[in-house]
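Please build the complex by placing chain Z on the supplied structure of chain W, with the hints as guidance.
Here is what each chain is made of, one letter per residue.
Number of protein chains: 2
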Amino acid sequence: MKILITGAAGMIGRKLAARFAGDAALSGTPIDHLVLVDVTPPEAPAGLAGRVETKATDISNKRDVTGLVAGRPDVIFHLAAIVSGEAELDFDKGYRINLDGTGYLLEAIRAERDYRPKLVFASSIAVFGAPFPEAIPDDFFHTPLTSYGTQKAIAELLIADYARRGFLHGIAIRLPTIVVRPGKPNRAASGFFSSIIREPLAGEEAILPVEESVRHWHASPRAAVGFLLHAASLAGPQLGARIGLTMPGVCCTVGEEIAALRRIAGDRVAARIRREPDPMIMRIVEGWPRRFDSRRAIALGFRAEDSFDEIIRAHIDDELGGRVAA
Amino acid sequence: MKILITGAAGMIGRKLAARFAGDAALSGTPIDHLVLVDVTPPEAPAGLAGRVETKATDISNKRDVTGLVAGRPDVIFHLAAIVSGEAELDFDKGYRINLDGTGYLLEAIRAERDYRPKLVFASSIAVFGAPFPEAIPDDFFHTPLTSYGTQKAIAELLIADYARRGFLHGIAIRLPTIVVRPGKPNRAASGFFSSIIREPLAGEEAILPVEESVRHWHASPRAAVGFLLHAASLAGPQLGARIGLTMPGVCCTVGEEIAALRRIAGDRVAARIRREPDPMIMRIVEGWPRRFDSRRAIALGFRAEDSFDEIIRAHIDDELGGRVAA
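Note that the protein sequences, when read in sequence, are chains W and Z. FYI, the numbering for the first sequence is 763 to 1088, going by this note's numbering. FYI, the numbering for the second sequence is 763 to 1088, going by this note's numbering.
Isolated chain W, as found in the complex:
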């Protein structure tokens, strides 16, 4: 089996590639060829038995995208994206990567004869916009309030139509806000959700720019990789016309997240969070969803953590080797 990952140098892309190196198979089929693409050169994961190719290119480079698809990967994980904050600041870049780039990928697939790969698209809960019902069901209207959410929503519609027309087997999974992100903050407005856990655990100070009453929807990077793998096994006609699925997650407030951090790592660690309200971030977060009804995804076998404690423990285990800077 040949697998292509776009956005392979990103946080989720790297973890997904590392998982393939460990498992050496997807849905029981051995992986003999892995292609990793990103705008910054992706690193090949250690230990994969088969062939690994890496390529540095931009998903809005139509010729390169066409070339990658001409290699006829069996499964494509399309993770490449300009994140929410940057797509809002740079209108052109957001549309070029998130919309045009996805369009080139779809058109390249359609142009291949007798070819129908599986396409797993990392969508986002940003496709929804306020005002919200109490819990947002899968059939709630797409009403994004950001350019990023607009681009993700359009990509979902395109993939659904291309799947319906038989050009590919598509599935779009709407990822919760992933915490705890390892490494440096990216330009997503949701970055503080990770910082307030990651920095204190590493002995550093973190800034909380919103009220503790802010409620949101989360899953760990480990759960996100699990979603992608499970999505690849499901992509196909049994999904029907509605190929977009909101992933399960943990619904909690920032206050509950800090309480979980205190339970797991103690008062001294939790005291490293400094409150510094930021009106711009508070306004953006105001338009974000708080809770989802993800019963369809759960019925289809997708699994997230059951509590924020588990999310913090996943970070300590996967990124900190089990150690916390007390």
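Among the hints, a few may not be true.
Between beta-carbon pairs, the in silico distance windows are [as the list claims (entries may be wrong)]: (1) Z:R872 <-> W:D1068: 43 to 49 Å; (2) W:R1037 <-> Z:R1057: 40 to 46 Å; (3) W:E874 <-> Z:R872: 32 to 38 Å; (4) W:R1057 <-> Z:M1042: 32 to 38 Å.
Treat the hints as calculated values from the structure; they're not laboratory data. This one's a predicted model, so the numbers in the text were calculated from it and none came from an experiment. Just so you know, even glycine gets a beta-carbon here, dropped at the ideal spot from N, CA and C.
Same frame as chain W, but now just chain Z:
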């Protein structure tokens, strides 16, 4: 005021232009310049006091679209589209006109400095796809089951984002299936809804390809023109982020439509309908919506007919000079 109409040679476009010739104003402002564009040369309506320009071009001709927008119309009615049946048969053409063409129009608007026109977009109830709730509210998920519906849904998302970013004042009105269409049938799968009224009233036979139990959502061409004019008066910040609105309509079955025809024109006219079930059309119609909750549009002042009888009478008055072939 300068007005641009794309799709001006189409049925609604011609009626809208004729209305401007009669009214000489939009929302109380005199019209001094009307630009009519379509792929077939549009006819200038008789009697407009101001300047009328007509142009034959394709909305996917980026240079021409940029040129039209550089003329800085105050209000743009974007009606140009490949209809449902044709967009399904010709994938490339549908995306080129309905998606790329709309994108060029939006980008041309964004490229103009200090310019923020009103854009009234003719969307469609085809943005929705089965399975449906009993009555479809405005916040029901976009789940089109055709390429046409996909393209209309994407255009709504783009217009909402361009409006939010301050590039234009946008409104997308989802038109019911418009009956009775005058003239020859177009390639829309919904054509029979007009034929079964239009042909019998003109003394000709019509074919009914579906069961009489089929229920659908309708308004007259006269109501459609009213929707467009009212939409132009509403486009602006007071609409908020949700710029897509399902227009009101008459919900009835084909059987009720035939009964209305019989009431108005008699048994002999109604007997000109021949039942000839067509499995392909029956299958397409199966995925169509039946009823909408259009309370937001009604609250905003949009008005359709109250009964199918009124829709038939509008056709007899507007197209047949009040006469019926008995």
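Hints, verified against the model:
For the hinted restraint 43 to 49 Å between R872 of chain Z and D1068 of chain W, the CB-CB distance of approximately 46 Å keeps it satisfied. For the pair R1037 of chain W and R1057 of chain Z, the beta carbons lie near 43 Å from each other, so the given range of 40 to 46 Å is met. A beta carbon spacing of about 34 Å between E874 of chain W and R872 of chain Z agrees with the range 32 to 38 Å that was offered as a hint. Taken as a hint, the range 32 to 38 Å holds for the pair R1057 of chain W and M1042 of chain Z, whose Cβ atoms sit roughly 35 Å apart.
Consistency note: the structure conflicts with none of the earlier hints.
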